[in-house]
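Peer 1: Make the complex out of the two chains shown on their own, each in a separate frame, by following the hints.
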Amino acid sequence: MTTFVLRRVLLMIPTLWVIATLTFFLMRLAPGGPFLAEKDIPAAAKAQLEKAYGLDRPLHEQYWRFLSGAVRLDFGPSYKYPARQVREIIFEAFPVSLELGGWALLIALAIGIPIGVAAAVKQNTGTDHVAMGAALAGVSIPNFVLGPALVLGLSLTWFLLPPALWEGPQSRVLPVLTLSTAYVAYIARLTRGGMLEVLRQDYIRTARAKGLSEGTVVYKHALKLGILPVVSYLGPATARVIMGSIVVESIFAVPGLGRHLVNGAFNRDYTVVLGVVLFYAGFLMVLNLLVDLAYTRLDPRVELG
Amino acid sequence: MRVATATVGGATLSSGRPESLWADAWKRLRRNRAAVLSGLFLGWMCVTAVAAPWLPGLQDPTYQDLALSASPPSPAHWFGTDELGRDTLARVIYGGRISLLVGLVGTLVSLLIGVSYGAVAGYRGGRTDEIMMRAVDVLYSLPYIFLVILLLVFFSRSIIMLFVALGLVQWLTMARIVRGQVLSLKQQTFVEAARALGAGDGAIIFRHIVPNTLGPVIVYTTLTVPAVILQEAFLSFLGLGVQPPDASWGTLVSEGARLLALFPWLVIFPGVALSLTLLCFNFLGDGLRDALDPQDRRETL
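So the protein sequences, as listed, match chains A and B.
Quick note on numbering: the first sequence equals residues 1 to 305 in my numbering.
Quick note on numbering: the second sequence equals residues 306 to 606 in my numbering.
One chain only, chain B, in its complex shape (with noise of 0.2 Å):
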């Protein structure tokens, strides 16, 4: 605080501000409570996920045990079997593991295309930015689903093809965020100084421009990572994502969905876990966004 009000010169500014600046969100998003506590469930989950194998007491997810087929919810099994007599917690853990790599895999995507396209556009400017932008228009008005099934149908349905058609369809959004934020920041005389000290425009656009979009690029990547969790779980749903015999939670789904009428619990616990990782972490992004971007409030999911 002391240091973003005394406004002096370049030196100190480009010193004191960031931090300041990161401090101050920090100190935002902690009062927020829905946010800290989406957080830290996530952590949690993340966590539960990766120690998944050496977790004490937790079943293979692909043991079968046919005397124990379809039980219900029991102090053995909490989430109870499923018709195969595999433990249906172990199936949600280890289903957890592939949605949560799904999602951070194809973010990590959407982000490297986003970034660099909207980064290049909004630095290029004039013409370039214009054909770039315009390009991007008209992606938007495409159902890019149709063109994630295309790709699963006519090729392989590996995890790789998954991982490249959620990053292709995600970006679009992110190269928009990170233009508008490089036109403005192209102005500014920080980009001068690089410039007169003689550094390209790839440097520029990647060492100086690109870090300084940050925090909005948080905010949104926050907000993407559920939504690929969510494309993932609606194709693995339709049987177009995750093959056996990996599962992830749309796959529990699916299959639960089936037998609803006669096992219900199949198909309410892994929603439940789908939904609640969705939900907080939309609840992480909405905080992040009023703790790092106060005034943008419109663009969201």
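Isolated chain A, as found in the complex (with noise of 0.2 Å):
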């Protein structure tokens, strides 16, 4: 167990370094840099600007002090505001992010698992049909269909809730539905998956014989080996929510990291796009070992390796 910890966070440590190098590498070679927006300056401004931002050393030490920095999370200041430092603002805007990510998740699972039950118990049913079908158009319907879709309806036509803003609980609820909604249909359709495998298995049928319950047989017995699909979709379901989240921001006007990620993509900061891009980067990574480590709790058949 120990060792297998271990060779996972030694493992992440050369991926980490990769991708810092590669995305380090790819930014010196990108046209442009802090200075693209001002048309024609000053060739001693200039000069002292590449001094602020360390630009006019050579390359290896530029190299060496990015990764020294990237590793207390210090990627320097902004490119287009320089008053600010990128760490300041991923952790001013990460917490947003996390909360409207964790309920979308938490959203899923609370309801895609159940459906899937009701869909597998209920195979090639009415029930299983409709859900499914539902399942389906729900993995189709792009987040930022549904977004301004939702906000017609509940905000504009109805004044339910608020159309954007993230102020008060109420502002939360249009996010995390239109977030949420695609994993819901995709956790349903792998629980589903997942429990007619177990269904099938030799120990539900013992289960049943001993004169078990029904509920008891699917709820106690079959789920947890059923739902190992979904736990093993945590990981990229959760890079999928980051990058759903992007977008969803953008639609509500979200002060979280995604809303960061774009802008700075648009004003070429590259310092910003940057820090974001590497902090999800590990942020995903320890989550992902977060997920194996479950999986072995839930399957003792599985082995760490």
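Keep in mind the hints are simulated off the structure, nothing from the lab.
Under the rule of at most 25 Å between Cα atoms (straight-line distance), these lysine to any residue pairs were calculated in the SDA-like manner: (1) A:K122 x A:H221; (2) A:K46 x B:F460; (3) A:K220 x A:L290; (4) B:K332 x A:H129; (5) B:K332 x A:G133; (6) A:K80 x B:L457; (7) A:K80 x B:L452; (8) A:K80 x A:M27; (9) A:K122 x B:D595; (10) B:K332 x A:D128.
The model shown is predicted, which means the values in this text are computed figures rather than measured ones.
Peer 2: Right, dumping it as structure tokens:
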């Protein structure tokens, strides 16, 4: 167990280093920089700016400074807003994104799993077909179509909920709903698949033969293994929730990391883009490790290797 | 059916079985009404998109009629017009051209990379396989869309870059599927026979093994197209994808969403077109999987 965790953590370090190095040199190869916005600035001012950002030093020195900074999540000041440190921006915006994404995933699990179980138990009946048809539709409607549609219906026609911003609990509803729908649908599909596989197995027949109630068989015995595909999906799901939150934050003007990423991308604010990308990469890796550990807890057949 | 049940010598099997497998799959697919309807709808969509420049009565999507600025749907303009007086129906059809093109080309890129990578890893086996698949595992755990964003931010936002970037994102699952197939296929006697006849590794992989992985590859390709279309739309929605004057469905939704409160039809029509297309590809992919590969029901999207 300990060796497994240790090995995974040790593997994370070179991976993050590769990403950091790759992004650093991509950034150096790319055109533009902190002074792209200003058209013609005097050479002296340019030299001053380069000095402020450390761009006047030799490349290897810049690289080293970047790496040693990245370890401490210190990516220097924003190119666009020099008064702001990228680190501050991350610390300020990440809790917002975490709240949005966390709620979306929780709701996806809380609704998706029961739907999937019900569909599996009633396989090939009307319930199953309706649930899975709806799930496929849910997977297919992009969140940036669903979001405006929900705003149009619930905010602009019936005035039930605020159409944007992130102030007060009511403003959370639409963004979370928009973000979670696809995962509700996807998790329902995964749960159904996993449960169908498990319900065919011998130990379920044994449980039934013992005279256990159907509820106990399904929820206590079958669900424990039937849910495994969902658990292994949690890693990729988080990656996709992060991707989705970029869009949802733009639609609803939520002040999270995704919005900073998009704005940074537009302004060619390289330090912000780099910082957010590296931060998310590290975050996802830690999360994937936790998911793998949870998986082995649930399924004793899996060996850590 | 008749050929498949008569399990006889290798010669009969190699000539009779593939056809019966495909015939069988075709029969199962035809019974799936949702998949057939989806296929027809997609076919109609593709024909419309390809034939758009020659469709009678369809306006030029760039033609501006400022007198008709932002008019709601009417008999003259079924989908209404945008704030510059451009016909939304024409823009949606021309947007479909771009969205479908990106979806197909991006999928083709991922198909080429994924199939070759997976086939080589599975065929070589041993240490090569381990290293190659380890690399896939590592890439899997990365938020790959960020790489696409970085590429599009740091370099040009040209459509070629978009094709490459989207293809680069999507090949991983394909590589895994093909590798699994190849691992089991390479043990079979027809591969041994080919080797005994003196075929080289390249010929065995691409002439003998890869064609036999076609079933799962077709299924997964059908599911990759909507994934690529969705990602392109996602990037275009953020303004990082297709650049003006070209407009994909993602661009149209993005433009419409800005004016949502005033002119809702500008987001509804491209949004519905995009969602319906994705839904149909998913239905068709599910149907194809059930038809070609009834056992495997787990790997989706």
